[in-house]
Amino acid sequence: MEGLALDVQDVTKTFPVAGLFGLLRPKGPSEQIIALAGVSLAVPRGEILGLLGPNGSGKSTLVRLIATLLIPDSGRILVFGHDAQREPREVRRLINRVSADAAFFKGLTAMENLLFTARLYGLSGRTARRRTLEILARLGLEGQSLHRPLEQLSRGMQQKVAIARAFLTSPVLLLLDEPTTGLDPYSRREVQQFILEVRTDHDASVLLTTHAMEEAERLSDRIAIIAEGRIVACDTPTGLKERFRLNGHLPTLEEVFLALTGRAFELEERCGC
Amino acid sequence: MRLLRELRAAYAFIERNFNLVKRYWGWELVWLTYSIVEALAITYLGAGIEAITGQRVDTAYLILYLLVGTLVWAYLATVFDGLSEAISWERWEGTIEYTLMAPVSRLTHLLGTTAFTIAYGLVRTLLILAVVALFFQIDLGRANLTGAILVLLGGSLSFIGLGIFAAVLPLLFPERGEQMSYAVQALILLISGIYYPIEVLPPWLQRLAALSPATYALQGMRAALLEGELIPALAGYLLPLVLMGLILIPCGLIAFSLGERYAKRTGKLKRSG
Chain A
575 MEGLALDVQD VTKTFPVAGL FGLLRPKGPS EQIIALAGVS LAVPRGEILG
625 LLGPNGSGKS TLVRLIATLL IPDSGRILVF GHDAQREPRE VRRLINRVSA
675 DAAFFKGLTA MENLLFTARL YGLSGRTARR RTLEILARLG LEGQSLHRPL
725 EQLSRGMQQK VAIARAFLTS PVLLLLDEPT TGLDPYSRRE VQQFILEVRT
775 DHDASVLLTT HAMEEAERLS DRIAIIAEGR IVACDTPTGL KERFRLNGHL
825 PTLEEVFLAL TGRAFELEER CGC
Chain B
164 MRLLRELRAA YAFIERNFNL VKRYWGWELV WLTYSIVEAL AITYLGAGIE
214 AITGQRVDTA YLILYLLVGT LVWAYLATVF DGLSEAISWE RWEGTIEYTL
264 MAPVSRLTHL LGTTAFTIAY GLVRTLLILA VVALFFQIDL GRANLTGAIL
314 VLLGGSLSFI GLGIFAAVLP LLFPERGEQM SYAVQALILL ISGIYYPIEV
364 LPPWLQRLAA LSPATYALQG MRAALLEGEL IPALAGYLLP LVLMGLILIP
414 CGLIAFSLGE RYAKRTGKLK RSG
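The listed protein sequences correspond, in order, to chains A and B.
When we follow our numbering, the leftmost residue of the first sequence carries the number 575, and every step to the right adds one.
When we follow our numbering, the leftmost residue of the second sequence carries the number 164, and every step to the right adds one.
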């Protein structure tokens, strides 16, 4: 569809509990973990869509599916019109991802790790070094820390390098899976500001999962709430709050989140986004 | 343009692996020392055989026989390890998702890894040879070095194929795939006549030996280095090696692709996935 950065169409994903190539795998539906049960959502170009949900609700599974790291049981995922299953390399060129765990070769320096990523995406060493320095300076990480092994950097510094890795390849769709986990409030602010700048300056679209309500509210144009593998609500932050206005009291986003996720859902109860 | 991008991506693996060797130089030194001592111990077995049996044997020939076995195995095992650990290492560091979501073909990924592994294996084996040469008088006066290099290249091809096959195991069996590749390597060591002629094996193991590329690599190397056989006489070893390589490499790539797909379908790419 024109103008859509991301189009997730009725995606279902289950994981087997155990088994060897399916031979010993229990066949009953109760023996499978249903991670996503018919999720649909669309992110127009340039939008930041926040995805909120309790632990185990399917947020990271959805991000991995979009990142071509998982294959859906059914449904389609289109990134700027490219099918994630049929054209994975085209999709990979357009996306990048930050997850909560800063996964690196911890014995290598930040610069060495980032050079590796940059070369995988076809950048020359010179371009990669220049961009790395720019991005990390913007995130407040400079000097000798770039040339120390990652294992010698703090958790927050490692997360900033992880964020730099994603931005280094100039993705037009960013998958931010709890990107500010482990950052102090000051650094969190810097990263949030950087995300907003990237959206404006580079016309990037963002799918953001987070447990921080104020972060979701500050960054997101719209917020989708996912529970038990289903999107149960999707609206602007204000729109969501308005839905739960009671006796003139406008609830906080956290109250809306608790109201929507703190109960069991009927199988049919889901909505698109 | 596309070729340049692929070359940069292949170089990314070479540079990263080189950086890892540089970073963990202490580990490399210990491992090299172990390999040198092992090579010396095995070669001294040849030197001591007269004293053990009390009978006259051609000790110089026996030393060279064992040394060729030790060095060729050190090289082939390094090639096998380098490739088979391509996935398990990344799983261990947690980077596998980032590497597999980069827009890089698996062929490029494995080519880069192979190029580094072959260079690393050659340097390592030459270092072992240089040290062992200080302890024993090695007479290569009759050797056909060109033929030996050709046989080694042929052996490399087949071991690249085997290594790619073994690299699939951690994708299929996250908990024990790496250990399974060690078992495969141990079986090849047993049946391929590394330290003894395969004729001493029971007939059923000799039939298995005929399927191992290491058997032809070892016999070819010994024929070239010990007997000075010319290239036409080495064809009997070269042809099966090249043929096995031509079968094993594409089959390994197909198996890898199927393994990757299986891991993405079942969520085995990442342990917490």
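Source of the hints: derived by calculation from the structure; they are not laboratory data.
Glycine is no exception: its CB is placed at the ideal position from the N, C-alpha and C atoms.
Be aware that one or more of the hints could be misleading.
Label-pair ranges, simulated between beta-carbon atoms [claimed, not checked]: (1) A:Gly655 to B:Gln369: 36 to 46 Å; (2) B:Phe181 to A:Gly717: 17 to 27 Å; (3) B:Phe181 to A:Glu661: 24 to 34 Å.
To spell it out: a stretch of chain B is covered by chain A in this simulated footprint if at least three of its residues, at any positions, have a beta carbon under 8 Å from a beta carbon of chain A; those stretches are [unchecked claim]: (4) 339-349; (5) 423-429.
Listed below are several chain A residues computed to face chain B (Cβ distance under 7 Å; list not exhaustive) [as the list claims (entries may be wrong)]: (6) Arg619; (7) Arg660; (8) Met685; (9) Val772.
Here is what the structure says about each hint:
Evaluation of the 36 to 46 Å hint for Gly655 (chain A) and Gln369 (chain B) yields a failure: the beta carbon distance comes to about 59 Å. A hinted range of 17 to 27 Å holds for the C-beta pair Phe181 (chain B) and Gly717 (chain A), which are about 25 Å apart. One distance hint, 24 to 34 Å for the beta-carbon pair Phe181 (chain B) and Glu661 (chain A), holds here, with the actual separation near 33 Å. With a cut-off of 8 Å between beta carbons, the segment 339-349 of chain B has 0 residues touching chain A; three or more are needed, and the interface restraint is violated.
Beta-carbon proximity to chain A at under 8 Å applies to 5 residues in the segment 423-429 of chain B; the threshold of 3 is reached and the given coverage holds. Among the interface hints, the one on Arg619 (chain A) is violated; its C-beta lies about 20 Å from the nearest C-beta in chain B, farther than the 7 Å criterion. Annotation: interface hint on Arg660 (chain A) violated; nearest CB of chain B at approximately 13 Å, more than 7 Å. Given hint, Met685 (chain A) at the interface with chain B, is violated; its Cβ is 10 Å from that chain's nearest Cβ, farther than 7 Å.
Because the beta carbon of Val772 (chain A) sits about 19 Å from the nearest beta carbon in chain B, more than 7 Å, this interface hint is broken.
When the structure is compared with the earlier hints, violations turn up for hints 1, 4, 6, 7, 8, 9 and for no others.
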